[in-house]
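Let's have the full structure, built from the sequences with the hints guiding it.
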Amino acid sequence: MVNLLLENGDLVVIEQSDFQQLLDVLAERTYQVVGPTIRDSAIIYDEMTSYTKLPIGWTDVQGKGTYRLKRREDDALFGYTVGPHSWKKYLHPPVSYLWRTNTTADGFQVTTAIEEPPKLAFIGVRACELQAIAAQDQVFLQGRFVDADYKARRENIFVVAVNCVQAGGTCFCASLKTGPKATSGFDLALTEVLTGTNHYFLVEIGSSAGADVMQAVTHQPASPAQIEAAEALVEATTQQMGRTLEPLDLKELLYNSYEHPQWDELGERCLGCGSCTMVCPTCFCTTTHDTIDVTGETTAHSKKWDSCFTMTFSYIHGGNVRTPLRSRYRQWLMHKFATWLDQFGRSGCVGCGRCITWCPAYIDITEEIRAIQESTNKQEEKIGGKL
Amino acid sequence: MENFEQLLAAHSFFKGIDAKYISRLAEQATPVSFKAGEYIFHQSEKARQFYLLNEGKVAVEVPTLVHGSITIQTTGQNEILGWSWLFPPYTWHFDARAMEATNALVFDGEWLRGQCEEDHELGYAFMKRISETVVNRLQATRLQLLDVYGIHF
Amino acid sequence: MLPHLFRVHQVHRETVDTFTLQLDPVDERGAVSFVPGQFNMLYLPGAGEVPISVSGDPAQAKHLTHTIRSVGAVTKVMDKLKRGDLLAVRGPFGTHWPVEEAEGNDIVIIAGGLGLAPLRPAFYQVLSDREKYNKVVLLYGARTPQDLLYRHELERWRGLLDVQVEVTVDSPVGGWHGDVGVITTLIPRGHFDPARTVALVCGPEIMMRYTVMELEKREVSQNKIFVSIERNMKCATGFCGHCQLGPIFICKDGPIFRFDLVKDWLGKRDI
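Residue numbers (my numbering), protein chains in the order written: chain A, 1 to 387; chain B, 1001 to 1153; chain C, 2001 to 2271.
Treat the hints with care, as some may be off.
Have a look at the derived ranges for each label pair, beta carbon to beta carbon [what the hints assert, rightly or not]:
1. B:P1089 / C:H2012: 48 to 58 Å
2. C:L2261 / A:A148: 25 to 35 Å
3. C:A2061 / B:E1005: 55 to 65 Å
Okay, derived cross-link-like pairs now, DSS-like style, lysine-lysine, Cα gap no bigger than 25 Å in a straight line [said to hold, decoys possible]:
4. A:K251 / C:K2268
5. C:K2252 / A:K304
6. C:K2268 / C:K2252
7. A:K251 / C:K2263
8. B:K1128 / B:K1015
9. B:K1020 / B:K1035
10. A:K151 / C:K2217
11. C:K2252 / A:K251
12. A:K70 / A:K119
13. A:K70 / A:K53
14. A:K304 / C:K2076
15. B:K1015 / C:K2268
16. A:K89 / A:K64
17. B:K1015 / C:K2135
18. B:K1128 / C:K2217
19. A:K304 / A:K151
Quick caveat, the hints were computed from the structure, so don't treat them as lab data.
For each residue, glycine too, the CB sits at the ideal point set by N, CA and C.
Written out as structure tokens, the structure reads:
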């Protein structure tokens, strides 16, 4: 093994047979490794100490309102795309406790309930998910206020990204330029290459922490042919991607479409279940709860993922602001593709396709946006014709 | 007389009206004063007066069986009082009571109607101002009915 | 961000469903300083947390004052607080009324219903710096005389010679001798020069919309009109997402806004 010090931006190769070393080295550095694994017929994220817990030889077949696991003809470790989970479950947990109170002689006292976050290594973070993490970073870290819990969690992770070498059935990252290749926000980025008897990972070093970890894993310098093979796979993914979403001028178009009939139509089809907001890796809304223990002595104030599809989300004394479903769907979609841009200077959508896969009413946001785009174009043509 | 012309010209109701009408109206204006609590007119009486309020405050009231008089609206300085003289049966719908010492210029409604019929230009200028007042009061009444301070808005 | 403990110094009942709490910080961590228009998150264990505007005098540094309408699950519990009880507070949060920015101008404060609570600190400040303003007008409307907040103070303010205070009610039950009519009817009566007027408006959104229309009739320009907007709020720091109005986060971009900057959003249905 050539013992040159690795640096940011370096490309090396690790053989599939040495992959377990990566997990072991991370464990040695006291990281709890979490990555994709199969549970309840879906690929979700969970703890693992052995790479054999990965969905080896499995892929997912996704479409509007459908998700199936299928055997692959090879033993790829990362031959699938994203499932119902996203990494926000670790960085922005579904439920977290903010503070507790306990009764004292003259009232009560408040103590923090925020715990020391675990040191986690994420294995298999896709390009779209890195973008989603960056989007949530803006919400929780880069505004006037900083979410201390998120910050502590965020600073405690090691990110092993995986470039997608096949497009998922509902993905549209290529048209949003949020994938399929990870470009930043990772410590290591892998591209899995599996041809005939070759099974290796091209590894891009993304940070000094990444370099330090890779140093301890058996690796070789990447050859031009290996780099080319990996690049070709990622490029093919872009070509394969069936769905597109045209983001050009979309914000302005939507801002002018608050009363578009498509919202009425969506209000008819949408069930208001909020699944899209739960699986969305950028959705960040929460509500709060207070619970009292059975003795009445202690209480806990927690926050919990919330959805703008619930009726009470917009409740102010007297009633809800967004009562019709059309207005709740509109809020969600407008937020992703219009208002998010004004709030954070970027889109709230990363093109992962989860909301399409997990919508029980088969709503496909790319189709809905296209319908609004096309009807508006038609109207413009009509007006043009008259003049 | 000049004093009345000044009062008319300065009153919001006649804002922008042609000067020739100001002097014509001023000739027919009569100053009136009401003490606090004094009734200006009563409902179902014959309505013949158009009041241009210059000072003070007037309550438009409706007498009830067991709750005494209920004020439905108050009007005052720079506003007008009374439009029932414009339309048949020329009868006041409500009571009007001075809430404080009130000064006004009063016009004979019959004479005013006649002037408006004779000179449609004046009639139009006058009706435009009356209808603006009516619209403002209608809008205010609608909001009053909505209970806009309630918890539902 | 943990809430700090405050002890109830006094409870004053304003109306049948509204009360004012004067709170004393339990220790030095509890801040009572604020800028008029700002709000705090008030918390009771087991009940929850609610955003409430500060309604006291910004010049006094002893108590924190909040006027609360008992309408929801949390505020109904707060309605039971007595002197000596504890409450926890996070804040203050949000933007403020442009009270200092309006110096040298006429200032018109227009409140509807509970909307006087967030405006009272601004009015206190204007009164204490009275010489810095030209004309000062307070217009206040409520449903009935029994719904008026701060009745004793209103009486006192009405007696001031250098301030025009007009109060109107929709429905004058119970020996009311003042004006009757919705708040907008007071605007033509305000003694202010529209060309040099800054207007601060607070009340239910519908009341604010019509108030602005009436101010526009008097040619007060929209960029001199400020409104306070209310939405569901869970965190006050832009994280919970509840208070969004289009691209606006009411909690951190507001609650006080220049009207022309938010008018497009206020006019939209179910937004």
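Hints, verified against the model:
For the pair B:P1089 and C:H2012, the beta carbons lie near 52 Å from each other, so the given range of 48 to 58 Å is met. Against the hinted window of 25 to 35 Å, the Cβ-Cβ separation of C:L2261 and A:A148 comes to about 31 Å, which satisfies the hint. Between C:A2061 and B:E1005 the Cβ separation comes to about 57 Å, which falls inside the hinted range of 55 to 65 Å. Note on A:K251 and C:K2268: the hinted pairing holds, with a Cα-Cα distance of about 17 Å set against a maximum of 25 Å.
Straight-line distance between C-alpha atoms of C:K2252 and A:K304 comes to about 21 Å, which keeps the hinted pair within the 25 Å bound. A distance of roughly 21 Å separates the Cα atoms of C:K2268 and C:K2252; the hinted pair therefore holds under the 25 Å criterion. A threshold of 25 Å between alpha carbons decides the hint, and for A:K251 with C:K2263 the separation of about 19 Å falls inside it, so the pair holds. Taking the CA atoms of B:K1128 and B:K1015, the gap is about 12 Å. The hint holds against a cut of 25 Å.
Note on B:K1020 and B:K1035: the hinted pairing is violated, with a Cα-Cα distance of about 33 Å set against a maximum of 25 Å. Proposed proximity of A:K151 and C:K2217 is contradicted: the alpha carbons are some 50 Å apart, above 25 Å. This hinted pair checks out: C:K2252 and A:K251 have alpha carbons roughly 22 Å apart, not beyond 25 Å. Distance hint between A:K70 and A:K119 is unfulfilled; the C-alpha atoms sit about 33 Å from each other, more than 25 Å.
Using a Cα cut-off of 25 Å, the hinted pair A:K70 and A:K53 holds, with the two alpha carbons roughly 16 Å apart. With a CA separation close to 23 Å, the supplied pair A:K304 and C:K2076 stays within the 25 Å bound. Among the hinted pairs, B:K1015 with C:K2268 is inconsistent with the structure: their alpha-carbon atoms are about 35 Å apart, more than 25 Å. With a CA separation close to 23 Å, the supplied pair A:K89 and A:K64 stays within the 25 Å bound.
Under the criterion of a C-alpha separation no larger than 25 Å, the hint pairing B:K1015 with C:K2135 is consistent with the structure, at around 23 Å. Between B:K1128 and C:K2217, the direct Cα distance comes to roughly 16 Å. Compliance with the 25 Å bound is thereby established for this hinted pair. A distance of roughly 17 Å separates the Cα atoms of A:K304 and A:K151; the hinted pair therefore holds under the 25 Å criterion.
Checked against the numbered hints above, the structure violates hints 9, 10, 12 and 15; every other hint is satisfied.
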